[in-house]
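Q: Sequence:
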Amino acid sequence: MRQRRADAPCRDCEHAVGGRLLPVNVAAAGLWLQVQGQWRVGFAGPTGLDWPAVESIARLLRVPVGPRLWQQIHALEREELAIIMERREEK
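Note that the sequence shown covers residues 98 to 188 in my numbering.
Just so you know, the hints here were simulated from the structure itself, not pulled from any lab data. One thing to keep in mind: the hints can contain errors.
The following label-pair restraints were derived from C-beta to C-beta distances [said to hold, decoys possible]: (1) E152 - K188: 16 to 24 Å; (2) V123 - K188: 32 to 40 Å; (3) F140 - L119: 34 to 42 Å.
Glycine residues also receive a C-beta, built at the ideal position from the N, C-alpha and C atoms.
Please model the entire structure based on the sequences and the hints provided.
A: Shown next, in the form of structure tokens:
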């Protein structure tokens, strides 16, 4: 499991209040945690989430899926891939 970055600005994030998620982000954060085993991986490492698997997990957990949730998960995916690329370049 990936460890949280030491420099993660959670307390200063515009999407959190007092270090807590805004209610509008709770469903996306919960689903994000549940789909961490659903990455597609190539020779260079993770390439993105397996979206049919993400949809299946959301259905199984009865998480209402709509455009906003998908946009939030895509944003988290892009950020995670950027972090992975940064770490790869540091090596």
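Q: Each hint should be assessed against the structure and marked as holding or not.
A: Going through the hints against the structure:
no. : hint                    : verdict
1   : E152 - K188: 16 to 24 Å : violated (33 Å)
2   : V123 - K188: 32 to 40 Å : holds (35 Å)
3   : F140 - L119: 34 to 42 Å : holds (38 Å)
Hint 1 alone, counting from the list given before, is not met by this structure.
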